[in-house]
Amino acid sequence: EAGVAQSPRYKIIEKRQSVAFWCNPISGHATLYWYQQILGQGPKLLIQFQNNGVVDDSQLPKDRFSAERLKGVDSTLKIQPAKLEDSAVYLCASSELAGGAETQYFGPGTRLLVL
Amino acid sequence: QKEVEQDPGPLSVPEGAIVSLNCTYSNSAFQYFMWYRQYSRKGPELLMYTYSSGNKEDGRFTAQVDKSSKYISLFIRDSQPSDSATYLCAMEDYKLSFGAGTTVTVRA
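Chains H and X are the protein sequences, given in the same order.
Each residue of the first sequence is one higher than the last, beginning at 263 in the numbering used here.
Each residue of the second sequence is one higher than the last, beginning at 1457 in the numbering used here.
Take the hints with a grain of salt, since some may be wrong.
To be verified - Residues from chain X that face chain H, not an exhaustive set, calculated with beta carbons under 8 Å:
1) Pro1464
2) Lys1498
3) Gly1499
4) Lys1551
5) Leu1552
6) Ala1556
7) Val1560
Honestly, the hints are just simulated from the structure, not real lab data.
We put the beta carbon where it would ideally sit given N, CA and C, even for glycine.
Could you put together the complete structure from these sequences and hints?
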């Protein structure tokens, strides 16, 4: 079974530029998550999708971050404009359903550096 | 105060030693308790999860949860160099909240 795919793996941009990350979850997984992991910290949930609907985006900085999951499969996370503090690893995860008993499978992440 | 507190270490042990990791939490609504392992430049992978207080064993790994003390632990017996990684505790009420992770190095 193929895992969660993410691209690009690395991205370096200047502050105030825009950037987009792509995620393809495990086939058949209804729930997709985007996390931000700053160096030395644990992942922090940014947004959770159930199929193509948003379940939780309470920690997404909506003035600069946006995400979509068209057709309930792959997803894109965008930052516009980027700030220095956005430097982090952006992890995508998926699970069959949502809830405490569901295992989340993580992709390798996209490492973003904002200069 | 963070919801989940975890000592970032680092922790360095000789091969064969027992590794002891722990987290404390403040949110009484957490019902599921997990340990993830994250190798360098990889995403986290689930090691173990427990629902209630008590112990759960899986091979060389033992997870303990004490809800009354809001304290969870992970023990790794007979540690191997391949166990060198960052270990993240995570807890869930309606979403996962992670600790900062403890970096473990097992020396051959």
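Verification of the supplied hints:
For Pro1464(X), the shortest C-beta to C-beta distance to chain H is roughly 7 Å, which falls under 8 Å, so the interface hint holds. The restraint placing Lys1498(X) at the interface with chain H holds, with a minimum CB-CB distance near 6 Å, inside the 8 Å limit. Taken as an interface hint, Gly1499(X) checks out: its beta carbon lies about 3 Å from the nearest beta carbon of chain H, inside 8 Å. Using the Cβ-Cβ criterion of 8 Å, the hint placing Lys1551(X) at the interface with chain H is satisfied: the shortest such distance is roughly 5 Å.
Taking 8 Å as the C-beta contact cut-off toward chain H, the hint placing Leu1552(X) at the interface holds, the least distance being around 6 Å. Contact between Ala1556(X) and chain H, as hinted, is supported at the beta carbon level, the nearest pair being about 5 Å apart and thus within 8 Å. Taking 8 Å as the C-beta cut-off, the interface hint given for Val1560(X) is violated, the closest approach to chain H being about 15 Å.
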